[in-house]
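J.: For reference, the chains in residue letters:
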Amino acid sequence: MIHRYQFDGLNIVLDCYSGSIHMTDPVAYDMIGWFEDLPEEEVINKAMSVHGISIEDANECMADIKSLKESGKLYAPDKYENIALDFRKKNIKIKALCLHVAHTCNLNCSYCFASQGKYHGDRAVMSFEVGKRAIDFLIENSGYHKNLDVDFFGGEPLMNWDVVKKIVAYGREQEKLHGKNIRFTLTTNGVLLDDEVTEFCNKEMHNVVLSLDGRKEVNDRFRVDYAGNGSYDRIVPNFQKFVSKRGSKSYYMRGTFTHFNTDFLNDIKQMLDLGFTELSMEPVVTDPSSPSALTREDLPVLFGQYEELARLMVRRHKEGRPFTFYHYMLDLTCGPCIYKRVAGCGSGTEYLAVTPWGDLYPCHQFVGDEKYKMGDIYKGVENLELQDKFASCNAYSRPECKDCWAKLYCSGGCAANSYHASGDINGVYEYGCEVFKKRIECAIAVKLLTSDIDAPGEENQ
Amino acid sequence: MTRIVTIETRDLEKSAKEGGCGECQTSCQSACKTSCGVANQECEKLSK
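Line by line, the protein sequences give chains A and B. Residues 1 to 461 (the numbering used here) are what the first sequence spells out, left to right. Residues 1 to 48 (the numbering used here) are what the second sequence spells out, left to right.
Please keep in mind that the hints were generated in silico from the structure rather than gathered at the bench. Here the structure is a predicted model, which means the values were calculated and not measured. Among these hints, one or two may not hold up.
Stated by the list, open to error - Calculated lysine-lysine pairs in the DSSO-like style (CA-CA distance at most 30 angstroms, straight line):
hint: 1; chain 1: B; residue 1: LYS45; chain 2: A; residue 2: LYS249
hint: 2; chain 1: B; residue 1: LYS45; chain 2: A; residue 2: LYS146
hint: 3; chain 1: B; residue 1: LYS14; chain 2: A; residue 2: LYS176
hint: 4; chain 1: A; residue 1: LYS180; chain 2: B; residue 2: LYS45
hint: 5; chain 1: A; residue 1: LYS371; chain 2: A; residue 2: LYS93
hint: 6; chain 1: B; residue 1: LYS17; chain 2: A; residue 2: LYS203
hint: 7; chain 1: B; residue 1: LYS14; chain 2: A; residue 2: LYS437
hint: 8; chain 1: A; residue 1: LYS165; chain 2: A; residue 2: LYS245
hint: 9; chain 1: A; residue 1: LYS69; chain 2: B; residue 2: LYS45
hint: 10; chain 1: A; residue 1: LYS79; chain 2: B; residue 2: LYS17
hint: 11; chain 1: A; residue 1: LYS241; chain 2: B; residue 2: LYS14
hint: 12; chain 1: A; residue 1: LYS146; chain 2: B; residue 2: LYS14
hint: 13; chain 1: B; residue 1: LYS17; chain 2: A; residue 2: LYS66
hint: 14; chain 1: A; residue 1: LYS46; chain 2: B; residue 2: LYS14
hint: 15; chain 1: B; residue 1: LYS14; chain 2: A; residue 2: LYS379
hint: 16; chain 1: B; residue 1: LYS45; chain 2: A; residue 2: LYS79
hint: 17; chain 1: A; residue 1: LYS93; chain 2: A; residue 2: LYS402
hint: 18; chain 1: A; residue 1: LYS402; chain 2: A; residue 2: LYS79
hint: 19; chain 1: A; residue 1: LYS437; chain 2: B; residue 2: LYS45
hint: 20; chain 1: A; residue 1: LYS176; chain 2: B; residue 2: LYS45
hint: 21; chain 1: A; residue 1: LYS203; chain 2: B; residue 2: LYS45
hint: 22; chain 1: A; residue 1: LYS176; chain 2: A; residue 2: LYS118
hint: 23; chain 1: A; residue 1: LYS216; chain 2: B; residue 2: LYS17
Said to hold, decoys possible - If you anchor each label on the Cβ, the simulated ranges turn out as follows:
hint: 24; chain 1: A; residue 1: SER422; chain 2: B; residue 2: THR2; range: 42 to 52 angstroms
hint: 25; chain 1: A; residue 1: PRO77; chain 2: B; residue 2: GLU18; range: 17 to 27 angstroms
hint: 26; chain 1: A; residue 1: HIS120; chain 2: B; residue 2: GLU18; range: 38 to 48 angstroms
hint: 27; chain 1: A; residue 1: ASP424; chain 2: B; residue 2: THR2; range: 46 to 56 angstroms
hint: 28; chain 1: A; residue 1: ARG123; chain 2: B; residue 2: GLU18; range: 43 to 53 angstroms
For glycine and all other residues, C-beta sits at the position ideal for the given N, C-alpha and C.
Just chain A, same shape as in the assembly:
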């Protein structure tokens, strides 16, 4: 399966199953498109007629196309479905936990998928005993995994900071005893991000996600405290100080955009103006009846924003002022293997969320939905039927993905998004698919436009 698209003068051909990417001139772009549907002779004749090229030129291009096909870089067959079925089921070892250390928050953002951190339940914080047991549970069930991931999440994890620090200390002690490497990460709204937290995070946290929606008026529309005061003026100086001391360690400034700021590129620009360069901006996840929910009519606007974002990245790259956008990060040569691409994020199998009480859920987005409770950190995963369902959820489990060129980039999409959109983790969140495909097209275009490879025809210009 191939996918062809154009971006700012580039003709791009993606070969789905080999992972190959080709830049072509307009002749080859058309011929590659026709090749699957027309006999060879017709493709050649059509190329001569449409593009006014000689038969020698058309034959030469045809030979190149056939050579790429023979070498497995074009029209490569799909050989991965069985890999998909076996991989997760044979390898259910846990490698990552999302620790809900605080089901409470010092902000009251109305769009929060976690209902202001409470996940539709009671306010609670995780005790050290629960956190300690969670680390033990992770190590006991991690099998062959050496690298383990533990994310401190909420609500607002800094509202339970002493316990976070104790869990980290315990994890550091245990990883040595068991030959593991725990990567701790933290997501925070920044309200309590002081010098002491900064120093600790810069020592211990592999990555820190900082929540800011961009422009002050955008951020303060939703990200308000319980008195209704916007958080921007309080959090931005904290974030700036934090990042100035972060050195080369990883962080992301992460925003959410909604129906009210479909011009989210302006929010990304605001983040850049504030000095942040590692950026992520996510579409809101909310009930479609909410006024903040993105609409079908918003989609073309969002597409335009993603394209403009790509152009901004290329421009700033050329100016020597590059920045990172999470969804446009692609490592073409050292990206994920086919197993990861097929199996996806690992929710419900290698990745679980732990509530303040120690209950286990497939991921943070299922917490609070009782029918998705999988077990607890004391007795382990008990709902094996649910575990099996998540283990079977992959790039090949949805009929809608069968002919989609992007399935090995998204692995069939986010199970929680599918569930919320369709009622089934093996359903499809079509809106999310549209956004995802646009982002991948733009991400690849950015990679090509910032590389030193000339597009065909450019070398003589």
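Model the placement of chain B on the given structure of chain A, informed by the hints.
T.: Frame of chain A, contents of chain B only:
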């Protein structure tokens, strides 16, 4: 005349033989938390 330039990418078929170690970062732990994909992950083995 070169009408097609092939960009160097990871060979997915080859990765079926050498991949699957499971040591890479869990996708949703990094920055999204709400709309996971795997395309932007790095291979733990190859990126060392």
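J.: What hint numbers does the structure not satisfy?
T.: 3, 6, 11, 14, 15, 22, 23
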